[in-house]
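Asker: Since each chain sits alone in its own frame, please combine them into the complex, following the hints.
Sequence order for the protein chains is U and A.
The numbers in full-length UniProt numbering rise by one with no breaks, and the one at position 39 of the first sequence is 39.
The numbers in full-length UniProt numbering rise by one with no breaks, and the one at position 81 of the second sequence is 81.
These are computed hints drawn from the structure, not numbers from a lab.
Predicted, not measured: the structure shown is a model, and the values here were computed from it.
Worth double-checking, as some hints may not be accurate.
What the hints assert, rightly or not - Restraint-style ranges between C-beta atoms, simulated for each label pair:
| hint | chain 1 | residue 1 | chain 2 | residue 2 | range |
| --- | --- | --- | --- | --- | --- |
| 1 | U | Gly-97 | A | Arg-262 | 53 to 61 Å |
| 2 | A | Arg-141 | U | Thr-142 | 34 to 42 Å |
| 3 | A | Ala-79 | U | His-15 | 26 to 34 Å |
| 4 | A | Thr-39 | U | Thr-13 | 52 to 60 Å |
| 5 | U | Gly-140 | A | Pro-152 | 47 to 55 Å |
Stated by the list, open to error - Listing some non-contacts, in silico: residues in chain A with all C-beta distances to chain U over 12 Å:
| hint | residue |
| --- | --- |
| 6 | Gln-20 |
| 7 | Leu-34 |
| 8 | His-62 |
| 9 | Arg-141 |
| 10 | Leu-201 |
| 11 | Gln-289 |
Note that the Cβ used here is the ideal one computed from N, Cα and C, for glycine as well.
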Amino acid sequence: MKPIEITLTVNETTHTLITLPNRTLLDILREDLGLTGAKNGCESGECGACTVLMNGAAVNACLVLAGQADGCTVETIEGLSKSGQLHPIQQAFVDAGAVQCGFCIPGMVMASKALLDHNPQPQEEDIRQALAGNICRCTGYTKIIQAVQMAAEELRHD
Amino acid sequence: MQTFNYLRPAHLDELCQALQQPHAKIVAGGTDVLPQMHTGRLQPALLVDISRVSELEGIRIHNTQVEIGALTTFAAIQAHPTLRAAAPALTQAAQWVGAPMTRQRATLGGNLANASPAADAVPPLMIYNAEVTLTSAKGSRSLPLAQFLLGPGQTALQRGEFIQSVRFELPAEDLGSAFLKIGPRRGMTIAIVSAAAAVRLSPEGRLEQVRVAVGASAPTVIRCPQTENLLHGQLPSAELWQSAAQQIAVEISPIDDVRASRAYRRRAAGVLAVRALQAALSQAQEAAQARTV
Ligand SMILES: Cc1cc2nc3c(=O)[nH]c(=O)nc-3n(C[C@H](O)[C@H](O)[C@H](O)COP(=O)(O)OP(=O)(O)OC[C@H]3O[C@@H](n4cnc5c(N)ncnc54)[C@H](O)[C@@H]3O)c2cc1C
Ligand code: FES
Ligand code: FES
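Only chain A is shown next, with the shape it has when bound in the complex (with noise of 0.2 Å):
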């Protein structure tokens, strides 16, 4: 591996004093950074491990105000009871990052700042409207994920930033959700595409707060506020979720690369999306249930 110089903070304070200094890059799990650095592919020329600053870890919920460091691995969040029963869709996209090695260091905030449009974690947590908090020296500030993704491996940290936490209300117990990739394996596998919804059902048996975010599609992961529209207040038919598969099709902007063609990525696009809302629908099911027993 190329020299650097390295400093690895034991505390925010001191994390944000060295990223002030210029050429700064980040570590923290290295699944990422490492093979690139193995290969000379980057080339930092100071290395700042945040792998030690405390404050970064760990997942704290108040009341219903859910907030996991960026040094949060996803064998953590996977382990995660609540998080499990409440928002399994992010449960279920960290039990399939990479292998079990993998997830073992691979890190949320990690996941969030490569900006990949393949990032497990962002399907589901695009469907929680979470929000990211950046922290510099100068201090903090939040922005929605959304707005925090720019383009395939861009993102609006700025000079002196790094991503502090991730926060988001703990769904209700009524809305269900889930998240499914396909890739190439079932483990260790880079999502072709991916997607995470949510549903609630009303007392009338219709769809509502439908939540529907495609990965692997576009440049960035996104939200189809057109294809929650289309479903928003009816009630769940075959013809219905041809329609949203459909409406899928038209509102991602896939590509063509070594993965997979842009035509199979529509309409497995579509596909997929469908069934995550059809499981996170079961899940909403089984809630109303247990609420009429």
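Chain U with its partners taken away, still in its complex shape (with noise of 0.2 Å):
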């Protein structure tokens, strides 16, 4: 297995790294990074405990293979909170008591990120849709809903 380079721009930083090809972004975002917000839940596709966003859209990590985040522009979970500030998201996810053990949140919060940069004013059923990769198994999803319903408000009110 011959290594390959690649090159991904993470949180605003680029980076350039030789790597393995059977490692997927989530290896690279967890082990080479250190970003380790992004969490490996399944690796199946199938609890969303993973998602990043990659050129502006939320995917799986754990599906991405290394060769094929080359090239891409990839927002975590760390790059979200600015000067010490939390994102509006993650606020409202403080607010709402929408936060227990946290495994699953910052796959929640950049799936709810990728909602509300293309549909502001989501309805409920926007807001279901938009989650229904995303396995919670202690808070429940009344409360991450009212969240994602609260840092709407909140951005269009920015």
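Answerer: Take a look at the structure:
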């Protein structure tokens, strides 16, 4: 197996890495770049804990090969807060009490960001569909949906 | 993940070359391949990543001919305005594939090459009489979708061949069409049963050009020609729908599996296909009204 060279921009910093083709974007984020916000829950596209934005769209980082992330712009949960201030979506999750153990939350927040970037005024049904691939085993979904509604409101006033 | 050799061709000719090598396995969006590689169920010696072959991307419409490149994602299909207006069964199928993250990566070519009896793109493409274009270093050939799908996980793809695109004639405005699926939940669900239907209304209000395809109820997605014949030329009525549902139960050959029983599938397929026909019909009626206004 020959190593490959890839270049990707993560949270506005560009990295060029020599890596192996059998690694995923999730491996690179967590192991090479130390960005452990995105979680490995299932490695099969089912749980959404590894959700990040790639070229502006939410994807499961566990299903993206290193070579497929080459040349892409990636945004992770670590890129959201600016100068010590939580992003409005993060703040809304805190305020709504939508976080228990937190394992699913980076994925939930990034999937919510993908929704709100494209649809600033989502209906509840839109939120449910946007989060259909994000599983939470402890908080339950009611407060998570409320958090996204609160974040949408806050972002509209910004 | 196990080790493998990796090629990422940028153009069709490089792809044809790469696939000449023995044991080459294609990966596109990876939503089927990667989960299987993570568990070790799939261990390719050579992975050919086609995701950068730009010629395989995009939806092109010339006059009434639609051509969808194999790499086109369900997110792109779902968002396409012309398809939404004229081929809504395909849009409806695309918008319920997996979750948003799945649809962002999952490609049409991967969905067809998988040859799952439950693949969501197949019932709509069957009622639109789609053809698949297969290409290799030796050239290209086109096959009707029904001849491409040979059984669960089995296709007409030969060594060195890949799916280049899918083509179909954009349906006329007065052909209504719809897709429905049943699963344990509405989002993120593999179909227990799926159905697509198309129909047109004659000026006398009779059913014409009836097309019905049912998924997850036979070794491949199938058209139901006897049901189509039974409905052709008839005036819609409750009794007619009931006999159509019964005829569908006869035409399919479902199995018992982890998702549902054979008996459930027989009942559900009839009901679901009739609902798809009724949705297609109400769309055809709207088109007919729009014409008379
Ligand atoms: C969480 C989750 C939910 C899902 N939900 C659904 C669903 O609701 N409905 C549904 O139908 N599917 C679903 N799937 C299955 C899958 O997403 C689709 O079948 C998808 O379309 C596969 O496309 P891909 O590009 O990701 O394929 P890949 O994984 O890249 O490839 C799949 C297969 O096709 C072959 N292949 C890919 N492209 C070509 C080509 N151009 N020519 C020849 N061979 C090719 C590969 O070698 C492989 O055998 C789901 C998957 C996941 C992980
Ligand atoms: S870890 Fe990627 S979807 Fe679960
Ligand atoms: S907060 Fe624990 S999984 Fe969601």
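Asker: Taking the beta carbons of Ala-79 of chain A and His-15 of chain U, is their distance inside 26 to 34 Å?
Answerer: Since the Cβ atoms of Ala-79 of chain A and His-15 of chain U sit about 31 Å apart, the hinted range of 26 to 34 Å holds.
Asker: With d taken as the least Cβ-Cβ distance between Gln-289 of chain A and chain U, does d exceed 12 Å?
Answerer: holds, 28 Å
Asker: Given the range 53 to 61 Å, decide if the beta-carbon distance of Gly-97 of chain U to Arg-262 of chain A lies inside it.
Answerer: With a Cβ separation near 46 Å, Gly-97 of chain U and Arg-262 of chain A fall outside 53 to 61 Å, so the hint is violated.
Asker: With d taken as the least Cβ-Cβ distance between Gln-20 of chain A and chain U, does d exceed 12 Å?
Answerer: Fine: 19 Å to the nearest Cβ keeps Gln-20 of chain A off the interface.
Asker: Is it true that the C-beta distance of Gly-140 of chain U to Pro-152 of chain A lies inside 47 to 55 Å, as the hint says?
Answerer: violated, 37 Å
Asker: Would you say the C-beta atoms of Arg-141 of chain A and Thr-142 of chain U sit inside 34 to 42 Å of each other?
Answerer: violated, 53 Å
Asker: Taking 52 to 60 Å as the stated bounds, is the beta-carbon spacing between Thr-39 of chain A and Thr-13 of chain U within them?
Answerer: violated, 33 Å
Asker: Taking the shortest Cβ-to-Cβ distance between Leu-34 of chain A and chain U, state whether it exceeds 12 Å.
Answerer: violated, 4 Å
Asker: A cut-off of 12 Å on Cβ-Cβ distance, and Arg-141 of chain A was said to be off the interface with chain U. Does that hold?
Answerer: Label holds. Min Cβ-Cβ 29 Å, cutoff 12 Å.
Asker: Measuring Cβ to Cβ, find out whether Leu-201 of chain A lies farther than 12 Å from everything in chain U.
Answerer: holds, 31 Å
Asker: Is it the case that His-62 of chain A keeps its Cβ farther than 12 Å from each residue Cβ in chain U?
Answerer: holds, 28 Å
Checked against the numbered hints given earlier, the structure breaks hints 1, 2, 4, 5 and 7 and satisfies all the rest.
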